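J.: Chain by chain, the residues:
Protein chains: 2
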Amino acid sequence: MVVELVAVGTEILLGNIVNTNAAYLSEKCAGLGLSCYYQSVVGDNEARLLETIKNAVGRSDIVILSGGLGPTEDDLTKETAAKVLGKELFLDENIKAQIQEYFAKRGTKPTDNNWKQAMIPEGAIAVENNNGTAPGIIMEQNGKHIILLPGPPNELIPMFEKSIMPYLKALQPGVIYSKTVKVCGIGESKAETMVQDMIDAQTNPTIATYAKTGEVYLRVTAAADTEKEAKLLIKPVVKQLKDRFGNAVYTTEEEVTLEQAVVELLKKHNLTVATAESCTGGMVAARLVNVPGVSESLMVGYITYADKAKHKLLGVKKSLLKKKGAVSAEVAKEMAKGAAAFSKADVTIATTGIAGPDGGSEKKPVGLVYIACNVKGKVKVKECHFSGNRMKIRESTVANALILMRECILEYEEELMKARKAKD
Amino acid sequence: MVVELVAVGTEILLGNIVNTNAAYLSEKCAGLGLSCYYQSVVGDNEARLLETIKNAVGRSDIVILSGGLGPTEDDLTKETAAKVLGKELFLDENIKAQIQEYFAKRGTKPTDNNWKQAMIPEGAIAVENNNGTAPGIIMEQNGKHIILLPGPPNELIPMFEKSIMPYLKALQPGVIYSKTVKVCGIGESKAETMVQDMIDAQTNPTIATYAKTGEVYLRVTAAADTEKEAKLLIKPVVKQLKDRFGNAVYTTEEEVTLEQAVVELLKKHNLTVATAESCTGGMVAARLVNVPGVSESLMVGYITYADKAKHKLLGVKKSLLKKKGAVSAEVAKEMAKGAAAFSKADVTIATTGIAGPDGGSEKKPVGLVYIACNVKGKVKVKECHFSGNRMKIRESTVANALILMRECILEYEEELMKARKAKD
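Note that the protein sequences, when read in sequence, are chains U and P.
Each residue of the first sequence is one higher than the last, beginning at 1 in the working numbering.
Each residue of the second sequence is one higher than the last, beginning at 425 in the working numbering.
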């Protein structure tokens, strides 16, 4: 089936906000096995909205609209979508009660125009909104489906996951099931080459690759009559991918991020961690702090952007800084060792590099970065050459710092196992 | 004039990447006084691309397409756009030479399919690409303009600023000129209320508000025959806005960010800075490190996510941590004071809060954050209640930390001036 996405909102047309809903919905729909050929954005203007919805309904099976469900007169999505299907609006007492309850919980009262949000097209399904007052709407007519969602992502995402995904799943003959093999430390084109034969030969399941900074996601999607059958189809393909990519696979769980995988590895071995950051200025620690409950592992972070701080906080010798420069393998190594000495953390990670736009030279160009990781006294240094602007170089550094940490902890794990075996 | 944006790329339809080009181009076009009624995304499929371009050319004066200019057979944007206008493609020797030079600089050789990128529709203007091999293309026919840009933002943005903006400016009768008054520490709805009378009465210039985390941008746009006249029209409105918002205005320069304004204030008064972060885990320092050349000011950053680190690195008393809890005004204050004591920095900023999803209680719910700023011994603590997920709460904390720093340094500035006056 073909799905089409329409975002409604002048703020997107003005460039005030980025249409992240489209990326979210597209990825979810692709995961459900739906094809998406068009996305569009249109403002809160009846004539243009009418044209856009008619066009979309004409060429796609499912049209998902987001935004324009607010209580003001400007909000026209529901009224216009109902017009396209020739449906009238009626007051839905259930939704009215939900809105009343929503306001009562917050100790406030709805305004008169809030009741506009309780008006539902005839025959439509109203979808409860746990995070706002605009209900979602599902309409169906002659095999065409129009789904209306509130615009704010914190309302749209939970509603989509709770109510819309099951609806879309039920529309399809059989079941679509996906699993993502997440790989780090291998570039997208190399990863693609490594699975090209599988992609060329694929029918069901299919494999799609998605590039993230420092990571590649390999999504395996199968269609079958039941979820059990789909899972059976996927299993050997996931196994094959895991065999090919080996240690580069950090998870096959949808929600697990790279930083989470690293934190789980730390916890598994009861390792504490400290960061020592120059060019990333706190971004490595911030990625680790993305993981709730990291306080058990993260002892401390040192941000030593200035040379003085590298000397004072991490004990990097002034003579070394002078001789080799702050951006050098030697200084990165000393930063990691210094962080370990001062924090007593088991694992330390250090970054130093030239993020630009200035400060580059022929010998040390913008994008040159050294990352050092120390695990219980064993230090590994990586020289990297990144491209892009200041932010892109720093983001690449952070991703590669996490990847190096993972690599070093895995080596430590291997040695532990060897030692255990030798003991037996 | 009406502009329409079309992004071409299957990776956007799959949700692999977010269409940030659309937000960038929309904002720039709005600044040029162009109206944008539609944005769309379509894949690398000739029939659908043809339909989309025809539709866009039919209803808009200017169609800007991005993506699909690569060297492979999949890349169809140029060929399809030329087809819509009935133009044939010819080899452009200039562009061929530029591509040759691009590869020579990198010590590599173009592949055969790179010459596809030197093929230009008859009568079209080829626009040099300083960051890649795909030239931009401008075509014009019967008052309709089609502009083709490469998809990667690091190629699209410089090309748009250097070559496309002047072209679009020249299309318009007269000149459109904008200036942005950037305000911090005032919510969007309050800011809107404060200028509602000006917005209601406006004809030329117009005022539009854009909300960012912790900030509001007020963009003043004037249309006139010459840039000089437009600037004259804008000047009193900018002055009026500055009068109304007073100290909340941190810049009227397009490129200046909040962190940059803070770093400039630090430099102005020769103040050094250190950060002490708990819930933000390095994000405040990372924002400061966004500013090139911050190493003169940023002495050090302490990431003290764990209570132990707050005690060891910042000297926060264990008894205080136990009595008041890590998330308290008192601990925030001690963190800022401790950072000052250990780093000797003039300004220190501390954050501690509950970012969730767990760890909240009735007394201290998720979203409760304390921020403390110390300027030469004078400490100010701010209690905040943020909503949203873990990342949103942390981003709001970072923005408010910068805002508090700015506020405290401005107070210090005022006192300095008072002291100087008293001396005179």
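Hints are computed from structural coordinates only; laboratory data are not their basis.
Predicted model, so just to flag it, every value in this text is computed and none were measured.
C-beta atoms are modelled at their ideal positions from N, C-alpha and C, and glycine is treated no differently.
Among the hints, erroneous ones may be present.
[Unchecked claim] With the Cβ distance kept under 8 Å, some of the chain U side facing chain P (calculated, not the full set): (1) 13; (2) 48; (3) 292; (4) 308; (5) 389.
[Claimed, not checked] Quick list of in silico lysine-lysine cross-link-like pairs, PhoX-like style, CA-CA up to 25 Å: (6) P/692 with U/337; (7) P/741 with U/312; (8) U/212 with P/692; (9) P/748 with U/308; (10) U/268 with U/162; (11) U/344 with U/376; (12) P/847 with P/806; (13) U/228 with U/169; (14) P/788 with P/768; (15) P/816 with U/392; (16) P/806 with P/748; (17) P/529 with U/392; (18) P/787 with P/747; (19) U/344 with P/802; (20) U/105 with P/816; (21) P/666 with P/652; (22) P/586 with P/452; (23) U/228 with U/308; (24) U/317 with P/736; (25) P/768 with P/742; (26) P/816 with U/162; (27) U/268 with P/732; (28) U/308 with P/586; (29) U/312 with P/691; (30) P/614 with U/109.
[Said to hold, decoys possible] Pulled from the structure, derived: some chain U residues nowhere near chain P, Cβ distances all over 12 Å: (31) 165; (32) 197; (33) 265; (34) 291; (35) 305; (36) 364; (37) 394; (38) 422.
J.: Hint by hint, say whether it matches the structure.
T.: Hint by hint, here is what the structure shows:
1. 13: Cβ of residue 13 of chain U sits 5 Å from chain P, so the hint holds.
2. 48: For residue 48 of chain U, the interface hint holds, since the closest Cβ of chain P sits about 6 Å away, which is under 8 Å.
3. 292: holds (6 Å)
4. 308: Hint holds; residue 308 of chain U Cβ to chain P Cβ min 7 Å, cut 8 Å.
5. 389: holds (7 Å)
6. P/692 with U/337: The given pair, whose Cα atoms are some 36 Å apart, is violated under the 25 Å limit.
7. P/741 with U/312: holds (23 Å)
8. U/212 with P/692: violated (39 Å)
9. P/748 with U/308: violated (34 Å)
10. U/268 with U/162: violated (33 Å)
11. U/344 with U/376: holds (9 Å)
12. P/847 with P/806: Cα-Cα ~33 Å, so violated.
13. U/228 with U/169: The hint holds at about 15 Å.
14. P/788 with P/768: Since the Cα atoms of residue 788 of chain P and residue 768 of chain P sit roughly 32 Å apart, the hinted pair is violated (cutoff 25 Å).
15. P/816 with U/392: Satisfied, since the Cα-Cα distance of roughly 21 Å is no more than 25 Å.
16. P/806 with P/748: holds (16 Å)
17. P/529 with U/392: holds (22 Å)
18. P/787 with P/747: holds (14 Å)
19. U/344 with P/802: Between residue 344 of chain U and residue 802 of chain P the Cα gap is close to 33 Å, so the pair fails against 25 Å, i.e. violated.
20. U/105 with P/816: Holds. Residue 105 of chain U to residue 816 of chain P sits at ~23 Å (cutoff 25 Å).
21. P/666 with P/652: Roughly 21 Å between the alpha carbons, so the hint for residue 666 of chain P and residue 652 of chain P holds.
22. P/586 with P/452: Within the cut-off at roughly 13 Å; holds.
23. U/228 with U/308: Not satisfied, since the Cα-Cα distance of roughly 60 Å exceeds 25 Å.
24. U/317 with P/736: Status holds; Cα separation ~23 Å.
25. P/768 with P/742: holds (22 Å)
26. P/816 with U/162: holds (22 Å)
27. U/268 with P/732: holds (21 Å)
28. U/308 with P/586: With Cα atoms ~40 Å apart, residue 308 of chain U and residue 586 of chain P exceed 25 Å; violated.
29. U/312 with P/691: holds (22 Å)
30. P/614 with U/109: holds (20 Å)
31. 165: Holds, since 14 Å exceeds 12 Å.
32. 197: holds (20 Å)
33. 265: Holds, because the least Cβ-Cβ distance between residue 265 of chain U and chain P comes to about 18 Å, which exceeds 12 Å.
34. 291: The claim breaks: residue 291 of chain U does not keep its Cβ more than 12 Å from every Cβ of chain P (closest is about 9 Å).
35. 305: For residue 305 of chain U, whose nearest Cβ neighbour in chain P is about 5 Å away, the distance does not exceed 12 Å, so it is violated.
36. 364: holds (16 Å)
37. 394: violated (8 Å)
38. 422: The claim stands: residue 422 of chain U keeps its Cβ more than 12 Å from every Cβ of chain P (closest is about 35 Å).
In the structure shown, a violation is registered for the earlier hints numbered 6, 8, 9, 10, 12, 14, 19, 23, 28, 34, 35 and 37, in ascending order.
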